[in-house]
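Start counting the sequence shown at 20; every next residue gets the next number (this note's numbering).
Simulated from the structure, these hints should not be mistaken for lab results.
Quantities reported herein were computed from a predicted structural model and do not represent experimental measurements.
Certain hints may be false.
[What the hints assert, rightly or not] Here are the simulated lysine-lysine pairs, DSBU-like style, with alpha carbons at most 35 Å apart:
(1) K66 with K95
(2) K95 with K78
(3) K66 with K35
(4) K35 with K78
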Amino acid sequence: MQIRRITSEDYADYLKIRMHGLSNSPEAFGMSVEEAPAVERESFEEKTAGDNAVFLCYKNDEVCGIVGVRRLSGQKRQHAATVWGMY
Numbered sequence: 020m021q022i023r024r025i026t027s028e029d030y031a032d033y034l035k036i037r038m039h040g041l042s043n044s045p046e047a048f049g050m051s052v053e054e055a056p057a058v059e060r061e062s063f064e065e066k067t068a069g070d071n072a073v074f075l076c077y078k079n080d081e082v083c084g085i086v087g088v089r090r091l092s093g094q095k096r097q098h099a100a101t102v103w104g105m106y
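Input sequences plus hints: build the corresponding full structure.
This is the structure we're talking about:
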């Protein structure tokens, strides 16, 4: 397995695993599979900007997992982060 931080060139793999998760585990996400294509492209840049990061997991060159990390803001919380979207 290979795990790596995504870049702007990884959008297709990002969308593929997000859609897979939404289709197979809809109760685990805050949006529907129908809403995702319109929303995901817009939010992709935000999710990967600055101290935020999204990591994709690959097995045999096929995307098989995702996790996001969002650094908290504010002087007393900047040392902490939130993990989101693990699938």
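Hint check:
no.: 1; hint: K66 with K95; result: 22 Å, holds
no.: 2; hint: K95 with K78; result: 38 Å, violated
no.: 3; hint: K66 with K35; result: 16 Å, holds
no.: 4; hint: K35 with K78; result: 14 Å, holds
Comparing the model with each numbered hint stated earlier shows that hint 2 is the single one that does not hold.
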